[in-house]
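Top to bottom, those sequences are chains A, B, C and D.
Counting along the first sequence from 1, when you hit position 132 you're at 132 in the working numbering, and nothing is skipped either side.
Counting along the second sequence from 1, when you hit position 156 you're at 1156 in the working numbering, and nothing is skipped either side.
Counting along the third sequence from 1, when you hit position 24 you're at 2024 in the working numbering, and nothing is skipped either side.
Counting along the fourth sequence from 1, when you hit position 98 you're at 3098 in the working numbering, and nothing is skipped either side.
Wrong hints could be hidden among the right ones.
To be verified - Below, a list of computed lysine-lysine pairs in the BS3-like style, where the Cα atoms sit at most 30 Å apart:
no. : chain 1 : residue 1 : chain 2 : residue 2
1   : A       : K208      : A       : K196
2   : C       : K2029     : D       : K3080
3   : C       : K2042     : D       : K3137
4   : D       : K3137     : D       : K3080
5   : A       : K172      : C       : K2029
6   : A       : K244      : A       : K351
7   : B       : K1002     : A       : K208
8   : B       : K1166     : C       : K2074
9   : C       : K2079     : A       : K327
10  : D       : K3044     : C       : K2042
11  : B       : K1034     : A       : K172
12  : A       : K24       : A       : K196
13  : B       : K1035     : A       : K304
14  : C       : K2058     : C       : K2128
Derived by calculation from the structure, the hints in this document are not laboratory data.
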Amino acid sequence: MADTTYTFPIGPVHPALKEPTMFKFVMDGEVVVDVDVQPGINHRGIEFIGMRRNVLQTLHLAERICGICSIVHQYAFTLATERAAQVFEVPERAQYIRIIMAELERLHSHLLWAGVAAHELGFDTLLHLSWKIREDVQDVLEIISGNRVNYAMYYPGGVRRDIPPEKIPRIKKVLDHYKENFQMLADTFLGDPVIKHRTVGVGTLSKKDAIATSTVGPTTRASGVMKDVRFDQPYDAYADIDIKPVIPSNYGFEDAGDVYANIVVRLIEVAQSIEIIEYALDNMPSGPYRAEMNVNKVLMMLRKADGEGFGIHEAPRGEMCHYVRLKENQDNLDAWKVRASTYNNILAWQKKLIGQQIADVSIVAASIDPCIGCMDRVAVVDSRTGKEKIMTDVDFHRLSVEKTKRLRK
Amino acid sequence: MKVMNGDEFASYIKDRFGNNVLSMRVDKFKNGVKKSEFHSVWLRVDRSVFKDVMRAITEIHDEAHIAVASGSDLGEEIEIIYHLNLFWGERNRQLTVNLGVRCPKDDPHLPTISDLIPGALITEREKQEFLGITIDGIPDPRRLFLAENTPEGFYPWRKDEDQQEKLKKLYRDVHEEGV
Amino acid sequence: MATATVIEIIRQFLHKPFTNTFPVKYAPKNMHKALEAIQAGKVEITPPVPVPDDLRGKLAYEKDTCIGCQLCIKVCPSKAIEFKPEERKIKIFIARCTFCAMCTEICPTNSLAMTTEFLLGTAEKYGKDMIVE
Amino acid sequence: MDLKKTFDQALWVFHLNTGSCNGCDIEIVAALTPRYDVERFGIKLVGSPRHADVLLMTGPVTRAMAPRVKRVYNQTPDPKVVLVIGNCGTTTGVFYESYNILGPIDHFLKQIDPDVKIVYVPGCPPRPEAIIDAVAKAWLVLEELRGDNK
Chain A
1 MADTTYTFPI GPVHPALKEP TMFKFVMDGE VVVDVDVQPG INHRGIEFIG
51 MRRNVLQTLH LAERICGICS IVHQYAFTLA TERAAQVFEV PERAQYIRII
101 MAELERLHSH LLWAGVAAHE LGFDTLLHLS WKIREDVQDV LEIISGNRVN
151 YAMYYPGGVR RDIPPEKIPR IKKVLDHYKE NFQMLADTFL GDPVIKHRTV
201 GVGTLSKKDA IATSTVGPTT RASGVMKDVR FDQPYDAYAD IDIKPVIPSN
251 YGFEDAGDVY ANIVVRLIEV AQSIEIIEYA LDNMPSGPYR AEMNVNKVLM
301 MLRKADGEGF GIHEAPRGEM CHYVRLKENQ DNLDAWKVRA STYNNILAWQ
351 KKLIGQQIAD VSIVAASIDP CIGCMDRVAV VDSRTGKEKI MTDVDFHRLS
401 VEKTKRLRK
Chain B
1001 MKVMNGDEFA SYIKDRFGNN VLSMRVDKFK NGVKKSEFHS VWLRVDRSVF
1051 KDVMRAITEI HDEAHIAVAS GSDLGEEIEI IYHLNLFWGE RNRQLTVNLG
1101 VRCPKDDPHL PTISDLIPGA LITEREKQEF LGITIDGIPD PRRLFLAENT
1151 PEGFYPWRKD EDQQEKLKKL YRDVHEEGV
Chain C
2001 MATATVIEII RQFLHKPFTN TFPVKYAPKN MHKALEAIQA GKVEITPPVP
2051 VPDDLRGKLA YEKDTCIGCQ LCIKVCPSKA IEFKPEERKI KIFIARCTFC
2101 AMCTEICPTN SLAMTTEFLL GTAEKYGKDM IVE
Chain D
3001 MDLKKTFDQA LWVFHLNTGS CNGCDIEIVA ALTPRYDVER FGIKLVGSPR
3051 HADVLLMTGP VTRAMAPRVK RVYNQTPDPK VVLVIGNCGT TTGVFYESYN
3101 ILGPIDHFLK QIDPDVKIVY VPGCPPRPEA IIDAVAKAWL VLEELRGDNK
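I would like the entire structure built from these sequences, with the hints used as guidance.
Structure follows, in structure tokens:
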């Protein structure tokens, strides 16, 4: 290795997921030569805890694996439990409510990501604009579920709460508001010359690499891979709706797998989610919203159940899987495995980051949507002098902002 | 690539590997108002043919997607289940294959599959540290999630007696010594 | 440079402010004096953003109807509920609660309910306000 | 320069995630963005604990984070207040009995400073208004520390 290489750890706090990450970069000047990802700082031993509790307790533990994607863990866990127990017939109305909640969450998650990505570029106007718009969907989620985060909606054999008809006009009002504002969002993000300069051709992931490393979600779709669980293996009410995976080339953009393509995919998915929610609200069948109303009976049914199940849900960040095994006459789970989306995207990070400039690292890392607000410290170790210089998030952010300013000139 | 449904896939593997397929089940799930169906195959194979089965799967679909490998302690044996998604990219044709393989605790070795599906590396590293098995030929055998100060030989998902002892000691250390 | 962002910023000036100025618009010079002024009715507090009626806030417990069946303890994900064997009643630690509302659903006598109280900041996590019994 | 006066109008906060699920963290960001806009109080998120008056901490303390919690607390200048946001940081909440969770945040802070001033914000997660309400309570504590409460 040349004299000019540095080791460059970023981290360690990265609490988006079960597995927060620490990066170790090998730098040559301003360019990343090699990167190693070391997760585990936020490891809380979730599966270990879950194997010591009963299913309904674990249901709410699963929700707290991640606060941003709280619904998706509960959804995948519920699917896995139902498939393992094989005693629950999920009512059709519950299937529709499930996908409405999941899509509302996709709306809020993508808008959140858009804001964070803009912030990483030093474009705080857009951060505040997207978070302002995001508050509307938060209101709707609160009205349906009673909390802004951690909605506690899913439940073996249905959902916890119904969406009564009097709440539907309020949801539709927000959707209309979003439809009006969507063009504005698309213009500000996709038409802005500075954003284009900062994102086109930055952090590319080739289609071949995306397939080989089994990446999931918008990260893989931005490279042109048609992978979307809602389309490949439609579950619940998704089976009634014709969903096409969002690929940039279908909308007149390039399947480059760069940061720009990631923005395109997520923005178009916002529009797609609005359509899905509207369809689901209009076509929601009437009937019960739970297979079994008595909670105590559900516990007894789960205690008698014996079997294993695998639940997959398409989360905002990509495919999310839970494996559950239940044993007869045993309250706690016999085995549980949680797979968050970013787990599969770690290897994509390595491919995307190599060859990037240091100022681009934050936006490239953010492009797979790992909830980046947590990159709090960067230590630079000079391999020649052994001196260590601590860079804070602010310095790091400053580098990024400076690059934007240079481009603007 | 020839797209198969659950039954076709099951009979293909059964024909090819015969008695080395220990058990096999095809789950069918109906969804939505229209009751459209998708399949999920549960396979248990002998350790001796595991790599060959995996190779056969990647021959059927060379772009097989690995979702995750889950593992559990069954008492005398450790079971790893590889969850694979085949035939993605076509509406409602994705087939989930859950390929289980067991290894005894006194000889916890499995071959790596990261040469067939590079995306399996992360999940293989995790299985090594959480269940105490050895993946032969893994390109990067380091720990992944456990903190540096976690004692060697402590595997959180093991259910043995001495693991419980180690766990109790871990709790004690925390409360008596702090950090 | 009339990019879409610039146009949008100009449009924002035409809207009325989006911010909900809870509890007051600007920070008071001295919080103790501000509290006195509020209690004397000299300063008005902006209410929080309206919450739905079924907000999952602090738990309320009806002690008289509780039969001590301990089903709530069985489903509580965070060990927030403790059983008092001598009285056959329960004690809820709000600082441990996850606000999942599972206990209110399983309770056979409807002794537990969620209220809309959510401003729970406190200096004592096991203080009197933080324990419901 | 009267150092006390400089604190009066603007509280600078440092946010440390000690192993939380991120639910509280997005509510903190929500409190900073247009709907709640705590910057009108002069509250600002800073990048280093050395600039902060208030520490916002979220989440139960994981094995890897425990030494860092202490380090960050020691780096923050006096007078300081800690805001523990969410129930898992207050009592470990749902994450009790894990091999990798060492305890609630105050357990570690009290080891190095028995007189630590903590304001807890219960909730899972608390609404942004509850966080603002707790900041007002932290203000009271800071004033008492400085002797401004007549």
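Here is what the structure says about each hint:
1. K208(A) x K196(A): Holds, at roughly 24 Å.
2. K2029(C) x K3080(D): Holds: K2029(C) and K3080(D) sit about 18 Å apart, inside 30 Å.
3. K2042(C) x K3137(D): The given pair, whose Cα atoms are some 20 Å apart, holds under the 30 Å limit.
4. K3137(D) x K3080(D): 13 Å, holds
5. K172(A) x K2029(C): Violated: K172(A) and K2029(C) sit about 43 Å apart, past 30 Å.
6. K244(A) x K351(A): Holds - the C-alpha atoms of K351(A) and K244(A) are around 27 Å apart, at most 30 Å.
7. K1002(B) x K208(A): 20 Å, holds
8. K1166(B) x K2074(C): 28 Å, holds
9. K2079(C) x K327(A): 24 Å, holds
10. K3044(D) x K2042(C): 28 Å, holds
11. K1034(B) x K172(A): The given pair, whose Cα atoms are some 25 Å apart, holds under the 30 Å limit.
12. K24(A) x K196(A): 28 Å, holds
13. K1035(B) x K304(A): Since the Cα atoms of K1035(B) and K304(A) sit roughly 27 Å apart, the hinted pair holds (cutoff 30 Å).
14. K2058(C) x K2128(C): 13 Å, holds
Comparing the model with each numbered hint stated earlier shows that hint 5 is the single one that does not hold.
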